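Given only the sequences and the hints, what does the whole structure look like? Please build it.
Protein chains in written order, with our numbering: chain L, 7 to 122; chain U, 516 to 763.
Because the hints were derived from the structure by calculation, they are not lab data.
Please read these numbers as outputs of a predicted model, since none were measured by experiment.
Keep in mind that a hint or two might mislead.
[What the hints assert, rightly or not] Below, simulated DSS-like cross-link-like pairs (lysine-lysine); rule was C-alpha separation at most 30 Å, straight line: (1) U:K756 <-> U:K620; (2) L:K60 <-> U:K584; (3) L:K42 <-> U:K560; (4) U:K519 <-> L:K42; (5) U:K560 <-> L:K51; (6) U:K714 <-> L:K42.
[Unchecked claim] Now the stretches of chain U that chain L is said to cover, found in silico as 3 or more residues with beta-carbon under 8 Å: (7) 539-548; (8) 578-588; (9) 728-742.
Backbone N, C-alpha and C define an ideal beta-carbon position, used for all residues, glycine too.
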Amino acid sequence: MSITADLIRGHTDTIILAALMSEDSYGYRISRMISKQTDGLFEMKEATLYTAFKRLEEQGYISSYWGEEGTGARRRYYAITATGREAYRRLMNEWAAAEALIDKLINPPVLDGDYT
Amino acid sequence: MKAKLKDYIEIIFTDAPQTHRAHELKEEMYTDLCEKYDDLVAEGKTPAAAYHAVISGVGDIGELIEELKKEAGTRASEPVREKADEPRRARFYTPEEREIMRKYKNRCAVMSAVAVAMYILCWLPLVLLSVLIENSEVGSIVGLVVMFVMIAAATSLFIIQGMTKPEFMREKAKDDDDDDDDDDDTPRNKKGEKHPVYKAISGALWCLTVVVYLGVSFLSGAWHITWLIFLIATAIDNIIKACFELRS
Numbered sequence: 007m008s009i010t011a012d013l014i015r016g017h018t019d020t021i022i023l024a025a026l027m028s029e030d031s032y033g034y035r036i037s038r039m040i041s042k043q044t045d046g047l048f049e050m051k052e053a054t055l056y057t058a059f060k061r062l063e064e065q066g067y068i069s070s071y072w073g074e075e076g077t078g079a080r081r082r083y084y085a086i087t088a089t090g091r092e093a094y095r096r097l098m099n100e101w102a103a104a105e106a107l108i109d110k111l112i113n114p115p116v117l118d119g120d121y122t
Numbered sequence: 516m517k518a519k520l521k522d523y524i525e526i527i528f529t530d531a532p533q534t535h536r537a538h539e540l541k542e543e544m545y546t547d548l549c550e551k552y553d554d555l556v557a558e559g560k561t562p563a564a565a566y567h568a569v570i571s572g573v574g575d576i577g578e579l580i581e582e583l584k585k586e587a588g589t590r591a592s593e594p595v596r597e598k599a600d601e602p603r604r605a606r607f608y609t610p611e612e613r614e615i616m617r618k619y620k621n622r623c624a625v626m627s628a629v630a631v632a633m634y635i636l637c638w639l640p641l642v643l644l645s646v647l648i649e650n651s652e653v654g655s656i657v658g659l660v661v662m663f664v665m666i667a668a669a670t671s672l673f674i675i676q677g678m679t680k681p682e683f684m685r686e687k688a689k690d691d692d693d694d695d696d697d698d699d700d701t702p703r704n705k706k707g708e709k710h711p712v713y714k715a716i717s718g719a720l721w722c723l724t725v726v727v728y729l730g731v732s733f734l735s736g737a738w739h740i741t742w743l744i745f746l747i748a749t750a751i752d753n754i755i756k757a758c759f760e761l762r763s
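The structure is reproduced here in structure tokens:
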């Protein structure tokens, strides 16, 4: 599991951007969505999540605002920006390219006549 | 349990700079963690189990703290210096607490203003009445009574302020005291700590004693005996002190 977690960690930004593609959201809702989507197999640590929020906001990929809740609690919402959507598409393309490449590299080469 | 969550956040943010951004982050985390906690309890977890699940999900925020520090450092050095003057371990407040605090501060401002005004003007009725009313003895007695009433009212305003201070603000004040005492942590500091309400009452008592002493002495002219008032006041002060110590 920890190795899987390491692999996924490299794609934290893509995961968060993906979560924000359809609608604005806040920290806990995103992390709940992630664990639901993976049937509880992967849970993003709050530390990872907030660090990513901060980084993405600095890069201009997302923006944040305080939303008032009925109960009087303030909640910080995040929204994806136009550059963020662009970055998401780029990251998706990168992932597709990497996936294809890694697939080729890690599948055992079909032994053909040359090696016998 | 939510208070424990808040404490936990305070602990993991101990090394964070006291910036606005860090404050916001703490608030954001608190609302998120509370919601997670509520969800877990709703799923049937015990409060303790839910608390531990929430805590273990937070992870290592070291990197986040480093980011915050960098951010605080890269800003112009002036504002950072300003921030350093803020209370060392400024607690963050939940929205409800902030609202209560705002109301309390407004109320305190009004009460203090009225009380100080009464202290300043309390001699006025005495002087006015003795000048205006022909029979000066009645005038001065009425004036004196009005003066005492004003002083008593002003003093009780201060006492009420101390007693209605929200619990969480008292905790903070105590935390700050503890921080200050860190360098000379003698037992005296722990033992000599006075109850804030007692301090207020005691202060008021001595003011009133002086007023009563002067008032009674001038009116009766019995200076040879009125000093006993101070002994009585000392007795009352000690009785009040005993009451507070018994209660705590």
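Hints, one by one, checked against the model:
no.	hint	in the structure
1	U:K756 <-> U:K620	holds (28 Å)
2	L:K60 <-> U:K584	holds (13 Å)
3	L:K42 <-> U:K560	holds (18 Å)
4	U:K519 <-> L:K42	holds (27 Å)
5	U:K560 <-> L:K51	holds (20 Å)
6	U:K714 <-> L:K42	violated (56 Å)
7	539-548	holds (count 8)
8	578-588	holds (count 3)
9	728-742	violated (count 0)
Hints 6, 9 from the list above are not met by this structure, while the remaining hints are.
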